[in-house]
Amino acid sequence: MIRRLFLAVLMLAACRPSDHPAVQASNRIVSLLPSFTEILFAIGAGDRLVGRTTWCDYPDAARDVPSVGDGMPPNIEAVAATKPDLVVLYNSGPNVTAALQLERLGIRTVLLDMNRFEDLGPATRRLGQLTGLEQRAESLATTMDSLTYRPLPPPIASIAFVVWDNPPIIIGAGSYLSQLANLAGARNVFDDVAAPSAQVSLETIAARNPRWIAVLSDSGTAPAFAKRREWRAVPAVRDGRFLLLPGSLFGRPGPRSAEAVRRLQAMLGR
Amino acid sequence: MKWTLLIAATLVALAASVLLGPAAVPLNSDIVWNLRAPRAVLAFLVGGALGASGASLQALVRNPLADPFLLGLSGGAGLGAVLAIALHLSGPWALPLAAFAGAIAALVLVYRMGMIGGGALDPRVLLLGGVAVGAFAAAVTTAIVSLADAAELRNAFLWLWGGLSSASWDAVVIVGVYTPIPLLVLMGASRPLDLLALGEEPARYLGADVERVKRRVYLAASLLTAAAVAVSGVIGFVGLVVPHISRLTWGHRHRALLPAAFLGGGALLALADTLARTVVAPRELPVGVVTALIGVPVFALLLRRWTVA
Numbered sequence: 000m001i002r003r004l005f006l007a008v009l010m011l012a013a014c015r016p017s018d019h020p021a022v023q024a025s026n027r028i029v030s031l032l033p034s035f036t037e038i039l040f041a042i043g044a045g046d047r048l049v050g051r052t053t054w055c056d057y058p059d060a061a062r063d064v065p066s067v068g069d070g071m072p073p074n075i076e077a078v079a080a081t082k083p084d085l086v087v088l089y090n091s092g093p094n095v096t097a098a099l100q101l102e103r104l105g106i107r108t109v110l111l112d113m114n115r116f117e118d119l120g121p122a123t124r125r126l127g128q129l130t131g132l133e134q135r136a137e138s139l140a141t142t143m144d145s146l147t148y149r150p151l152p153p154p155i156a157s158i159a160f161v162v163w164d165n166p167p168i169i170i171g172a173g174s175y176l177s178q179l180a181n182l183a184g185a186r187n188v189f190d191d192v193a194a195p196s197a198q199v200s201l202e203t204i205a206a207r208n209p210r211w212i213a214v215l216s217d218s219g220t221a222p223a224f225a226k227r228r229e230w231r232a233v234p235a236v237r238d239g240r241f242l243l244l245p246g247s248l249f250g251r252p253g254p255r256s257a258e259a260v261r262r263l264q265a266m267l268g269r
Numbered sequence: 000m001k002w003t004l005l006i007a008a009t010l011v012a013l014a015a016s017v018l019l020g021p022a023a024v025p026l027n028s029d030i031v032w033n034l035r036a037p038r039a040v041l042a043f044l045v046g047g048a049l050g051a052s053g054a055s056l057q058a059l060v061r062n063p064l065a066d067p068f069l070l071g072l073s074g075g076a077g078l079g080a081v082l083a084i085a086l087h088l089s090g091p092w093a094l095p096l097a098a099f100a101g102a103i104a105a106l107v108l109v110y111r112m113g114m115i116g117g118g119a120l121d122p123r124v125l126l127l128g129g130v131a132v133g134a135f136a137a138a139v140t141t142a143i144v145s146l147a148d149a150a151e152l153r154n155a156f157l158w159l160w161g162g163l164s165s166a167s168w169d170a171v172v173i174v175g176v177y178t179p180i181p182l183l184v185l186m187g188a189s190r191p192l193d194l195l196a197l198g199e200e201p202a203r204y205l206g207a208d209v210e211r212v213k214r215r216v217y218l219a220a221s222l223l224t225a226a227a228v229a230v231s232g233v234i235g236f237v238g239l240v241v242p243h244i245s246r247l248t249w250g251h252r253h254r255a256l257l258p259a260a261f262l263g264g265g266a267l268l269a270l271a272d273t274l275a276r277t278v279v280a281p282r283e284l285p286v287g288v289v290t291a292l293i294g295v296p297v298f299a300l301l302l303r304r305w306t307v308a
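Residue numbers (numbering that gives the first Met the number 0), protein chains in the order written: chain A, 0 to 269; chain B, 0 to 308.
Don't read these hints as lab results, they were simulated from the structure.
For glycine and all other residues, C-beta sits at the position ideal for the given N, C-alpha and C.
Mixed in with the good hints, there may be bad ones.
Restraint-style ranges between C-beta atoms, simulated for each label pair [unchecked claim]: (1) A:Pro245 / B:Leu302: 54 to 60 Å; (2) B:Ala138 / A:Pro72: 16 to 22 Å; (3) B:Val297 / A:Arg261: 55 to 61 Å; (4) B:Gly117 / A:Leu104: 56 to 62 Å; (5) A:Asn208 / B:Arg254: 48 to 54 Å.
Stretches of chain B that chain A covers, calculated by requiring three or more beta carbons in the stretch to come under 8 Å of a beta carbon on chain A [unchecked claim]: (6) 11-23; (7) 87-93; (8) 156-163; (9) 273-281.
Okay, chain A solo, but in the shape it has when bound (with noise of 0.2 Å):
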């Protein structure tokens, strides 16, 4: 029986509904995660959101649409209630399931990827397809890709991006924000990770010694642990050589990504 229901869960998961081809445009959508969001206002679909997550703070207008709650994961109830004809989720375990229940109740759901700067541009078309706007949509889409494509400068500083103190958890070349590294020229010290984020030995971060510690900061703060002991063996911290990230603008990908590597290319240079 179990064995059945597995099976029956498999083969639902396999004829994924983005699968489907796009019948008709979207006209009440709710989008559960940031990037998503930015994309859709960016291609003018953004006055057709009836919902959105807590995270979704850019642009403004995003703040008008209604919460569903942080998405993580997603209130199926508080989704339904929006009575969206399309649900966009990022492609994660728990959202595959969460994608099931909606189309249960007759909701159009797609599940895109959005880990690194290659899946900018796939999702920003199939955005474009479902709302049927895809010219402004071909156009963002081709924008991006020149931007994940384009051939990396050489590298002028080195950096490590620390997301936790304790233990010290840094962001490998399998990232996002690595890519974003690259492509304002610095060096991601563990490049050699090939994991999006892992624990290191704090003693690592000291003997790979890179020029700047970059952390996400909406307040604009050195972190917490600069004042540690421990942490002032780490030369960049020692001398206060922070990178302090605006979290909307550089922890997710999006149409400001170019925006968020200018900006980490003007700090480099400082």
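Given the coordinates of chain A, assemble chain B onto it according to the supplied hints.
The following block gives chain B in isolation, referenced to the frame of chain A:
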């Protein structure tokens, strides 16, 4: 002979954890002196505290499953740490102090529950109270983490799983000054603890002040654990496995057992942390994973030899 071996093993573990690291750096460098050396010493002190605490708690509650975190301290410490993060308490010592305060709060609560039958501390009530307080604190912690906005709260669980990455000489000095006091209290209670193993009634006939010993041992062992959890989170298996290994080798006399569990726990954690830092470098494993991976097979081997013999 076995003492020589244990002391040698301890020294080897300490030397290895200073000499080996994920990064190839000269031994006279700042990194070795300010990061590796304090981390090695802190690992030794924390492991020792957990070993001694586990050994005395197992004797106190007369339950071989007892470990330093069974009595609700990990739940209390976790709640303290998560509250510190959720309330944005800043300052370099906010997290360890909040965790310590949480552990002490759990300790007091469980102690009060253990005293439920008047003046006598009932080990069974102590165990149940510890499990209940721990579960309640864990539930509150999870509620805070799932309701609070701060994304960083999810990382608080990583801290809770244990690790020594916050080691510094400051932490070593604090733990180094603090731990000898409860350790000496436990050592002072070693004879009555031997008697307690016979049961409370016989111990009383043989002249032990059973109630006083139980209170002292409970408080001293918990204070040791509270310090350990404040600086390094919840590191499992050391406080469970090391006392048993020590008992298999040194017998049930606490005057020998407690120092052996202290040295053994310290050596095991220093070794485990060295492996955690180096085997998957530049990445790092959570140290609790390594203590379990080393501790459990050694334990199984000894258990087999002991039951065969």
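- [ ] Could you tell me which of the numbered hints above are not met by this structure, giving the numbers in increasing order?
- [x] Failing hints: none at all.
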